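Just so you know, the sequences run in chain order A and B. Heads up, the first sequence is in this note's numbering, so the first residue is 1 and it goes up one at a time. Heads up, the second sequence is in this note's numbering, so the first residue is 1 and it goes up one at a time.
Worth double-checking, as some hints may not be accurate.
[Stated by the list, open to error] Calculated lysine-lysine pairs in the BS3-like style (CA-CA distance at most 25 angstroms, straight line): (1) A/Lys485 x B/Lys73; (2) A/Lys403 x B/Lys78; (3) A/Lys413 x B/Lys78; (4) A/Lys94 x A/Lys28; (5) A/Lys513 x A/Lys413; (6) A/Lys333 x B/Lys73; (7) A/Lys413 x A/Lys137; (8) A/Lys333 x A/Lys408; (9) A/Lys403 x B/Lys67; (10) B/Lys14 x A/Lys484; (11) B/Lys73 x A/Lys403; (12) A/Lys485 x B/Lys78; (13) A/Lys485 x B/Lys4; (14) A/Lys403 x A/Lys413; (15) A/Lys444 x A/Lys324; (16) B/Lys67 x A/Lys484; (17) A/Lys485 x B/Lys14; (18) A/Lys168 x A/Lys28; (19) B/Lys4 x A/Lys333; (20) B/Lys37 x A/Lys484; (21) A/Lys168 x A/Lys91; (22) A/Lys333 x A/Lys413; (23) A/Lys413 x A/Lys139; (24) B/Lys73 x A/Lys408; (25) B/Lys67 x A/Lys324.
In case anyone wonders, no lab produced these hints; they're calculated from the structure. No experiment lies behind these values; they were computed from the predicted model shown.
As a plain string of letters, each chain reads:
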Amino acid sequence: MTTDFIHPGFVLIIGALLLPFIMGPLRKPYLILMPIIAFACVLKMQHGTYGVVHFMDWQLTFGRVDALSQVFGYIMTLMCIIGSMYGLHVKDPKEHMAAWLYVGGSLGVIYCADYITLFIFWELMAFSSVFLVWFRKRKQSLPTGFRYLMVHTAGGLILLAGFVLRYKATGALDFNLLDVDHPTLYTYLIMVGFILNAAVPPFHAWLPDAYGEATVSGAVFMCAFTTKTAVYALARGLAGLDILIVLGVIMALYGVVYAVLENDARRLLAYHIISQVGYMVAGVGIGTQMAINGACAHAFAHILYKGLLFMGCGSVLYMTGKSKFSELGGLYKKMPWAFVFTLIGGLSISAFPLFSGFVSKSMIVYAGFEEHLYWAAFLLTLASAGTFLHTGLKVPYFIWFGKNNCSKETWEKAADPPWNMNVAMAVASFLCIFIGSYTPYLYKMLPYQNEAADYALHVYSSYHVSESLQILLFTALGFFLLVKKLAPEPTISIDMDWFYRIGGRGFYWLARKPIQTFDTWFGEVYRTVGLYPLMTTAKFWSWFDWHGIDGVVDGLARTVRGVGTKLRTVQNGRLQYNIYYAVSIVAVLIVAYVFG
Amino acid sequence: MLVKFIDYLRDRLKMVIRLCYVVLGLLVVYDVSFVDKHSVHTMAEKIPGWWAFFGFVACVLIIILSKWYGHVKWFGGKFRIMSPEDYYDN
Chain A
1 MTTDFIHPGF
11 VLIIGALLLP
21 FIMGPLRKPY
31 LILMPIIAFA
41 CVLKMQHGTY
51 GVVHFMDWQL
61 TFGRVDALSQ
71 VFGYIMTLMC
81 IIGSMYGLHV
91 KDPKEHMAAW
101 LYVGGSLGVI
111 YCADYITLFI
121 FWELMAFSSV
131 FLVWFRKRKQ
141 SLPTGFRYLM
151 VHTAGGLILL
161 AGFVLRYKAT
171 GALDFNLLDV
181 DHPTLYTYLI
191 MVGFILNAAV
201 PPFHAWLPDA
211 YGEATVSGAV
221 FMCAFTTKTA
231 VYALARGLAG
241 LDILIVLGVI
251 MALYGVVYAV
261 LENDARRLLA
271 YHIISQVGYM
281 VAGVGIGTQM
291 AINGACAHAF
301 AHILYKGLLF
311 MGCGSVLYMT
321 GKSKFSELGG
331 LYKKMPWAFV
341 FTLIGGLSIS
351 AFPLFSGFVS
361 KSMIVYAGFE
371 EHLYWAAFLL
381 TLASAGTFLH
391 TGLKVPYFIW
401 FGKNNCSKET
411 WEKAADPPWN
421 MNVAMAVASF
431 LCIFIGSYTP
441 YLYKMLPYQN
451 EAADYALHVY
461 SSYHVSESLQ
471 ILLFTALGFF
481 LLVKKLAPEP
491 TISIDMDWFY
501 RIGGRGFYWL
511 ARKPIQTFDT
521 WFGEVYRTVG
531 LYPLMTTAKF
541 WSWFDWHGID
551 GVVDGLARTV
561 RGVGTKLRTV
571 QNGRLQYNIY
581 YAVSIVAVLI
591 VAYVFG
Chain B
1 MLVKFIDYLR
11 DRLKMVIRLC
21 YVVLGLLVVY
31 DVSFVDKHSV
41 HTMAEKIPGW
51 WAFFGFVACV
61 LIIILSKWYG
71 HVKWFGGKFR
81 IMSPEDYYDN
């Protein structure tokens, strides 16, 4: 690697590995310094190809720097600084390590140029981010983490199968635009691998499941990296694949519907990630230069405002221990600044003029209108009314205003969060407003400069401002007229995870039942055929040397019974482990078969 | 200071609400009178106050349809999307 290119992902991975050794007063400066170094590495990079390594017959490329990877690399490292700042008070170094390895994985994917490198970093993301769920340390954190890991392992395998098939067919491993006009089986397999991480229904349920359960600062990281790295991968590999338009629009609406039903603030925000990523997926599907610009710009803006929203709701959870609307309300007197920051996030995601979403989201809708995809453009606009309804209105209203559902204990605990959380939220808030108010900052980074310059002339036109304000303010009117209908209900919403949570139990039962039956049957047979004659013989011989014989028989019987018990214990062992091992073995076998 | 300002507005809630209605009205007047609609893509967008209508209907539809979807009983009343919080514990 030359000095023009120092991989920011490696900076964070090495930084994470050294983290436990940096102790005492050095810890906090170190937590800020390393992400800043990673960010500086991104700023210093020149376009080109770096870090090419020959390994066996393949050429692995760790550093492809171009406009597309740069815009994602920039925002990922910037978010890492903000996220680390937000989590500065967390004492457990393991949580920071997991977060940095996770960001390192994401950056690895963004800068790589072949599928093998991509796959390694793709898996690193899943296997490090799961710890951000486990470190919540609630009873349900462990199974939630395992579900998250299972889904991502399965997705990784589908991706693996996709690019291995492609390698068989074409001999190529390069990570570039696939032939989207003539998609084949491997194109779709690679697509499924990517869209699973982008949380496209029906592969989306892992997202609210895991993000609602993650630690307070872990969720801030998780909401930024997995889905947006997948958007990058889609933009790089599958831009212009028509089916993505349909999937993106479905996503945008699906997230909105579930957000209406949701009672937990962080799960609501998680459903809105699905909705917002829907815009990006649709943008990638449209595939024009304007649409790809829009997808990149929206990913950039989204990482900041969604991070900000998770920070705001996370600070309520951190201070009060509660995140459900049915246990909160009326907190503006206690947490006014958290309210202001969350509101800025809400206005940004809702695309209010002068806030970041306004200059990014509309670019995708505009690209849809330009391509005469009116149904898509109108449905995406409909979803944006839903966005304001929930994130801009429902979240702030039911946490900081509305009916006060706080218990006495919650109310007493509530206060604005520690300084580091406030600083992180203030920085993110500033950036949300800055991006929305000063368009060249973001537009100069976009991959297609001519289209960006064209759109810059349109974005603050009287028509666009009037259109947005009408949609948003009349949505607000609808909200306040129907606010009673939206009163929080203490329920959970059944989603696609039902199939592997309840279906998983069925599988578990099926797996257990035959083997347990066999075990019982074996025990019976042994008792009848083995133990009984043995005991009889023992009695027969007891007059001769009954102590010795009896001892042997007892020993033998104990041993056999012991094996039976062990078998049962293995059987009752965690299903997740078994699946994990099975899946890993399949992965190794596929690789061995193809490359062996 | 921030809390005082919010309380100040809450004490005059009726006036704030009236002010909001005025803003909504002015917005539609602005849309009808001043906005250049030459470069719009569809006919619907030329209707005066189209996006105000769209926003309001979108909001009402989203709330009503989503709540219906969450509350309706599927499979002969045995299953509802919005389920008790301990649904997966049983």
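Results of checking the hints against the structure:
For the suggested pair A/Lys485 and B/Lys73, the alpha carbons sit about 18 angstroms apart, so the restraint of at most 25 angstroms is met. Of the supplied pair hints, the one linking A/Lys403 and B/Lys78 is violated, its CA atoms being roughly 32 angstroms apart against a limit of 25 angstroms. For the suggested pair A/Lys413 and B/Lys78, the alpha carbons sit about 40 angstroms apart, so the restraint of at most 25 angstroms is broken. Pair hint A/Lys94 plus A/Lys28 holds up; C-alpha atoms about 14 angstroms apart against a cutoff of 25 angstroms.
Between the alpha carbons of A/Lys513 and A/Lys413 the distance comes to roughly 49 angstroms, so the proposed pair goes past 25 angstroms and is violated. Distance check on the hinted pair: A/Lys333 and B/Lys73 sit about 40 angstroms apart at the alpha-carbon level, beyond 25 angstroms; violated. About 21 angstroms separates the Cα atoms of A/Lys413 and A/Lys137, which keeps this hinted pair within 25 angstroms; it holds. A threshold of 25 angstroms between alpha carbons decides the hint, and for A/Lys333 with A/Lys408 the separation of about 15 angstroms falls inside it, so the pair holds.
For a cut-off of 25 angstroms, the pair hint linking A/Lys403 to B/Lys67 stands: about 20 angstroms separates their Cα positions. For the hint pairing B/Lys14 with A/Lys484, the CA-to-CA distance comes to about 18 angstroms; that is within 25 angstroms, so the pair holds. For the proposed pair B/Lys73 and A/Lys403, the alpha carbon gap of about 28 angstroms is over 25 angstroms, so the pair is violated. The suggested pairing of A/Lys485 with B/Lys78 holds, with an alpha-carbon distance near 24 angstroms, which does not exceed 25 angstroms.
Taken as a hint, the A/Lys485 and B/Lys4 pair is broken in the structure, with Cα atoms around 29 angstroms apart against an allowance of 25 angstroms. Taken as a hint, the A/Lys403 and A/Lys413 pair is honoured in the structure, with Cα atoms around 18 angstroms apart against an allowance of 25 angstroms. For the suggested pair A/Lys444 and A/Lys324, the alpha carbons sit about 40 angstroms apart, so the restraint of at most 25 angstroms is broken. Restraint check for B/Lys67 and A/Lys484: satisfied, since their Cα atoms lie roughly 12 angstroms apart, inside the 25 angstroms limit.
At roughly 21 angstroms between alpha-carbon atoms, A/Lys485 and B/Lys14 fall within 25 angstroms of each other, so this suggested pair holds. Restraint check for A/Lys168 and A/Lys28: not satisfied, since their Cα atoms lie roughly 49 angstroms apart, outside the 25 angstroms limit. Pair hint B/Lys4 plus A/Lys333 holds up; C-alpha atoms about 9 angstroms apart against a cutoff of 25 angstroms. Taking the CA atoms of B/Lys37 and A/Lys484, the gap is near 37 angstroms; set against the 25 angstroms cutoff, the hint is violated.
Among the hinted pairs, A/Lys168 with A/Lys91 is inconsistent with the structure: their alpha-carbon atoms are about 48 angstroms apart, more than 25 angstroms. Of the pairs offered as hints, the one joining A/Lys333 and A/Lys413 holds, with about 13 angstroms between alpha carbons and a cut-off of 25 angstroms not exceeded. Between A/Lys413 and A/Lys139 the CA atoms are separated by roughly 23 angstroms; this keeps the pair inside 25 angstroms, and the hint holds. Our distance criterion of 25 angstroms between C-alpha atoms is broken by B/Lys73 and A/Lys408, whose separation comes to about 36 angstroms.
Taking the CA atoms of B/Lys67 and A/Lys324, the gap is about 18 angstroms. The hint holds against a cut of 25 angstroms.
Figure legend: structure checked against the earlier numbered hints; hints not met, in rising order: 2, 3, 5, 6, 11, 13, 15, 18, 20, 21, 24.
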